[in-house]
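There are 4 protein chains.
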Amino acid sequence: VRGGAEETTTGILRLKAMERDGALRFPMVAVNDAYCKYLFDNRYGTGQSVFDGINRTTNLVVAGKTVVVSGYGWCGKGVAMRAKGLGANVVVTEVDAIRAVEAYMDGFAVMPMLEAAKIGDIFITVTGNRDVIRGEHYAVMKDGALLANAGHFDVEVNKPDLEALSVSKRTVRKNIEEFRLKDGRRLYLLAEGRLVNLAAGDGHPAEIMDMTFALQAMALKYVNEAHESIGRRVVNVPYEIDEQVARLKLESLGAAIDRLSDDQKRYLESWQEH
Amino acid sequence: VRGGAEETTTGILRLKAMERDGALRFPMVAVNDAYCKYLFDNRYGTGQSVFDGINRTTNLVVAGKTVVVSGYGWCGKGVAMRAKGLGANVVVTEVDAIRAVEAYMDGFAVMPMLEAAKIGDIFITVTGNRDVIRGEHYAVMKDGALLANAGHFDVEVNKPDLEALSVSKRTVRKNIEEFRLKDGRRLYLLAEGRLVNLAAGDGHPAEIMDMTFALQAMALKYVNEAHESIGRRVVNVPYEIDEQVARLKLESLGAAIDRLSDDQKRYLESWQEH
Amino acid sequence: VRGGAEETTTGILRLKAMERDGALRFPMVAVNDAYCKYLFDNRYGTGQSVFDGINRTTNLVVAGKTVVVSGYGWCGKGVAMRAKGLGANVVVTEVDAIRAVEAYMDGFAVMPMLEAAKIGDIFITVTGNRDVIRGEHYAVMKDGALLANAGHFDVEVNKPDLEALSVSKRTVRKNIEEFRLKDGRRLYLLAEGRLVNLAAGDGHPAEIMDMTFALQAMALKYVNEAHESIGRRVVNVPYEIDEQVARLKLESLGAAIDRLSDDQKRYLESWQEH
Amino acid sequence: VRGGAEETTTGILRLKAMERDGALRFPMVAVNDAYCKYLFDNRYGTGQSVFDGINRTTNLVVAGKTVVVSGYGWCGKGVAMRAKGLGANVVVTEVDAIRAVEAYMDGFAVMPMLEAAKIGDIFITVTGNRDVIRGEHYAVMKDGALLANAGHFDVEVNKPDLEALSVSKRTVRKNIEEFRLKDGRRLYLLAEGRLVNLAAGDGHPAEIMDMTFALQAMALKYVNEAHESIGRRVVNVPYEIDEQVARLKLESLGAAIDRLSDDQKRYLESWQEH
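Chains as they are written, first to last, in this note's numbering: chain A, 14 to 287; chain B, 14 to 287; chain C, 14 to 287; chain D, 14 to 287.
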């Protein structure tokens, strides 16, 4: 093995932890951190596919629902954007202050999960962390609330807590488990808390994956050539590759753009001209 | 002078050029590149204030108009977002392929200026460059097109080209100059091509400037303390400052957010746990 | 038979034609024309379910695509709104001038189908008429264009014309037929041109149908009681029923609203007080 | 006087009350109820101009603010739509159940004013009624809330109640009066509670008024010719006039639309063909 490429936010967090601990054995390219990955796949791919998964599973209308999105990273931005686009009233929960202000200025309600838990109709976790929704939150949710995860593993929605609070559980429709709580309220877990767009849908649209896969292919070519100079590190996709993928995509879309003239290039680089 | 802080995209481009040329005499903090600056001031500040300026000047309705936004940086994103929010049909022109794909996926038409020039009702340049709209574009514009700049100086919309093509010019309303071309078409230049939100409006809302000014104040405190270790370079605002400004902003908005538990922090940093 | 109730726009057009021709044998209530039907079922139901059907069938991303919506009635408004919400660039075609101006002011491009045919990626007919997309349009479409109908029968997209222009056809995925034209271009017909939300999806969400079915039930109760006085006519749902359904819906959603005070009622009804 | 034409919702309510009371002396045409009026002027005109007025007066950012819109008629729909388009979190209050469900499905929070009063940053009344915001609401508002009216007279926001609760008042900026309540909270009344788009802005954009004025002119021509047959009643604008204004508008916008073929017309009118 000369090196590899990793395309998830969560995977890169882990790889960087390995690098810090000296546990990384070969260079890894952080494909997720390329513009042509996270700006597109995470936002437009996750955003659309999460609702494809939820809608075909539940056959409920999104318009008018209060959708709670946990995490306002690129995936969360995509999910919140599409929830709004489908007519939902969107609430965002965050642990990062900068992202929280961003969600706020994007017109979403921002509050701690303990508040959001009381008003949400559909909950979607997109954090890459665990226990984002847990016992204390189930305790205050409305009867009929839907729980879905689009972040990473099935630990974002804490299932042991949910089971502990429940007196019974049954599958009411494919990929929908009903948990009946002691006080009679019913909470519905989609796709066992696994990634709802994968487990209950078709995953990201093929088209949006084309950019990611182009990056992957070119990142492997790059790591194959440069693995010695890179060393046992997690490195970014070189900007030239990123830019090349975008150009190819535009071409495939039939969209042309402008080019800087020499005068304009010079102008951007100069500091003497006003 | 121990150092300074610069808050515009264009200014930082110039400072970096000076740094490259060895012309920088003291450390400069790139306030514009702080999250709490460009994510907010550039997008929500410019986005809203540009239309405040245009609308009060023209008293035209934006809904239904084809608005051409040149440049899809953070300011351009804000202008395009608000144009859409006001009911416009938005076209984006770009020279950067990645941004162009982003605009495309955001649902905007993407094309070269020469194509956009033929269909636009309102043109807004937000590039930081010169000659973005020039002779060849005026030649194909519709009668009545409006030209506005929200990027930097009055060089984005090329005025000498416009004058050269015109047989007469007159001020038809405060901040609106009508250029009558040889073939009878009329093009309207707002605020002499200067920043339309400043020259024809009140500039950014005070509220959105609060974050920028907080960053400025804290950047100056930082450069005062660290100027020796920084040297004659352009440096970023330390993340801690960025994060602190966001926390203060949230507090002032009365919005609370979640905090990571120790378990969650550990989980994010570990690579051994599943 | 004492009477009946009809819930589609197209059905009511037919019933009114029957009434005009003296062919109607008993009273019919035009449930489609009740506010609680067309404002909701047609817009939010059709809007969402059309894309549920298309997305699960094609697994393509909607963001960035040019979606051509034919017909800007309540169904078409819903489809256009959701297309925009999913990030599409939306074009509307119409035969009614008032609706066309409305689409225009809503920020959509408005043009004849012959122009739209050249630029559309996805075509969705929602007109209740026939031959909306036909030979002359296929002749200019882009390779790969998708054709879907969400209006009424499988006559909105003219299939005989499509077959006549094609040299071969094959099913490339469930509910997607590829028509290869003589010049090599491929057009894809979804669900055989039948209602794409029903034939390739689950139809309208159950929730949105609740209002329609409540209207149906109460319309039948009404026609049962009033059939003699109504006669052989197509009549509207009485406003009281409409309003009652809305109140019940709000209650079920847990949403309270204000009530007019006696002073306010008096104020609205008076013309002497200023 | 042979007749007249009235273009406001509120005016027509009054005229109909006069008609009921036998106080109407000549025929009046309800221009407001023409499609080309309320679909456009009320929505796009009021929607945009209200924020033009508020923004130039306050110089505050709308993004992130909780905007409470009272009344979800055509004007209210326009104001809510633009508030959302400017990045606000929108709350709607209503007295009509059907409109309330509509606002709910459009993704807005719906609640009684007494609840909305606690969370709103900007209040905009668009009801045509009086005392929409009154003492009990001021009692629970947040410090700094802004009060604006875009409905009809300066009675929607109850000023005597506001004065009674205040210990002092002063003009803090042109068209902004600060009322200091006994507990120290400050409420800001814009433009003395008069129509904020007229009193603190330029009113509706000229362009959007063109349709309304065309209707007015043609309604007067109509009433001049038909006043005898109409009698002392409030009548609608004939559909032909409405449609003609829309066609002229489309033409002036350079937008072409499709025409029904004879086959299509026949198809729409027939009930025997499938």
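Simulated from the structure, these hints should not be mistaken for lab results. Take these hints with a grain of salt, some might be off.
Repeated chains share a single entry, so a pair holds when one copy, or any two copies, can fit it.
To be verified - Calculated pairs, BS3-like style, for lysine-lysine (alpha carbon to alpha carbon, straight line, at most 25 Å):
(1) 155 to 234
(2) 278 to 29
(3) 234 to 278
(4) 172 to 278
(5) 172 to 195
(6) 29 to 97
(7) 97 to 172
(8) 29 to 182
(9) 97 to 131
None of these values were measured; they are calculated from a predicted model.
inquiry  = Name the hints, by number, that the structure is in violation of.
reply    = As far as the earlier hints go, 1, 3, 6, 7 and 8 are violated by this structure, in ascending order.
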